[in-house]
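**Q** One-letter residues, chain by chain:
2 protein chains.
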Amino acid sequence: MKRDYHISFIGAGNLATNLAKAFYNKGFVIDQIFSKTTESAQSLAGEVEALSTTNLEDVILTSDLYIIALKDDVLPQLLSRIIANKENALFVHTAGSVPMNIFEGHSNRYGVFYPMQTFTKERVVDFSTIPLFIEANNPSDKKTLMDIASIISSKVYEANSEQRKKLHLAAVFSCNFVNHLYALSAEILEEYGLPFDSMLSLIDETTQKIHHLHPKDAQTGPAVRNDQDVMNRHLSMLAPHPDVQEVYRLLSKNIVKHKANK
Amino acid sequence: MKRDYHISFIGAGNLATNLAKAFYNKGFVIDQIFSKTTESAQSLAGEVEALSTTNLEDVILTSDLYIIALKDDVLPQLLSRIIANKENALFVHTAGSVPMNIFEGHSNRYGVFYPMQTFTKERVVDFSTIPLFIEANNPSDKKTLMDIASIISSKVYEANSEQRKKLHLAAVFSCNFVNHLYALSAEILEEYGLPFDSMLSLIDETTQKIHHLHPKDAQTGPAVRNDQDVMNRHLSMLAPHPDVQEVYRLLSKNIVKHKANK
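Each protein sequence line maps, in turn, to chains A and B.
Throughout the first sequence, residue numbering follows the numbering used here, covering 2 to 263 in sequence.
Throughout the second sequence, residue numbering follows the numbering used here, covering 2 to 263 in sequence.
It is worth saying that the hints were derived from the structure and are not from the lab.
Hints are not guaranteed to be accurate.
Identical copies look the same in the list; a pair holds intra-copy or inter-copy alike.
[To be verified] Subject to a maximum C-alpha distance of 27 Å in a straight line, what follows is the list of computed DSSO-like cross-link-like pairs (lysine-lysine):
#1 22 <-> 217
#2 167 <-> 258
#3 72 <-> 166
#4 254 <-> 217
#5 3 <-> 22
#6 72 <-> 217
Make a model of the complete structure from these sequences and hints.
**A** And the structure:
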């Protein structure tokens, strides 16, 4: 079933790819995909039966909604070209840490559609449980955005730009930094021919635990026990990798300090 | 069904509690629980129908296996008292980062029984999927330890002291440090009245992802994109919390550096 609601995407990266597929799979019409690289534009366009373009000036004028999913730092410089000739269309960006008022003076109808999730092109995520945080500059478009968000996810919330900024910052700790620790863990193991898979059961339990306990109450390990012997042995094992050693030292110090303040 | 194999525990902390219950639930006889605090000793002993003591010299002599689960840094100083009069019994410790040869000169039969997992007293974990790493100073006891380990877990491996040290170090990154990042994330949200629960879907996906992708390939976020605008905004949001800001700065720097080396 096709819905009579037309969406175009400005951007064809991880987020755009996942979001375009989620809308497409729910019957929305995806009009067009813009990307600066032909390959990205065409590849995603092919998957969601859309047109593609690498020229911002060729983005069609008739979509109901334009979803901008670009790197945060290129967004401001491209915004006037993106919106040109479409001042009365509805635009949203998808960036956690960019305030909604970036649209002011460019567009008349705008908002934010922030899916708090980690996206990788190769991995299709189930959108139905992804929290979507919505903001808009007028009640009618806010209602529209909440409605279409509710079609792809059961977790739709309003959040203003201040709240969204904090959510994004917290997400960097809970997701991006966490993943980097997994990468460091994998490095340590691989250096000694041990498989990273051996960590998965531990990692799963660490994650499950905080569904039931506050992370402060779930803390274990040498630092929270202030077990200096173990920490010193670990630091000397890391001596050949001063940058990883520095991460170990700082996080342990921080855990000890937080315990003391608790 | 009771198995004719008797185990005593030296220690009644998170790990001892979970391990004693796992053996008890599989029908092993738990003879006795030692803890320096009466309450801990009695509480666990009550749950596994064992005797309790707070006096090392009162630990019974007739158990088949003594499992030592104490803080790593008290283990060396207590070892001769723990083993006294039981030189021919089988002793294991459970510490990732303590080599097996700590037993040398104290006991004749010894080994290591290292469950790589995060344990909290309040949370009973399913041992059947926990990797258990086994070492022993003689083939017959190694076989015994592998056999009884296989009764409580389907993931039993041999690992020598060197390998176990690396596993433990990697686990500190994958579990203890990760949990601390969850705690920092919760702090950031709570300061602004946002619930930590809003992170759970993101956290679950971050975990799921590394079952399928190497963590290096799963990295997302401002640092791996080298998005200086976002990182600078985050750092200024964290200005009131210099210690958290320091964690943000170091991990971001480390992610940028690892990307460059990839």
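**Q** Check each numbered hint against the structure and report the violated ones by number, ascending.
**A** Of the numbered hints given earlier, the structure breaks none, since each of them holds.
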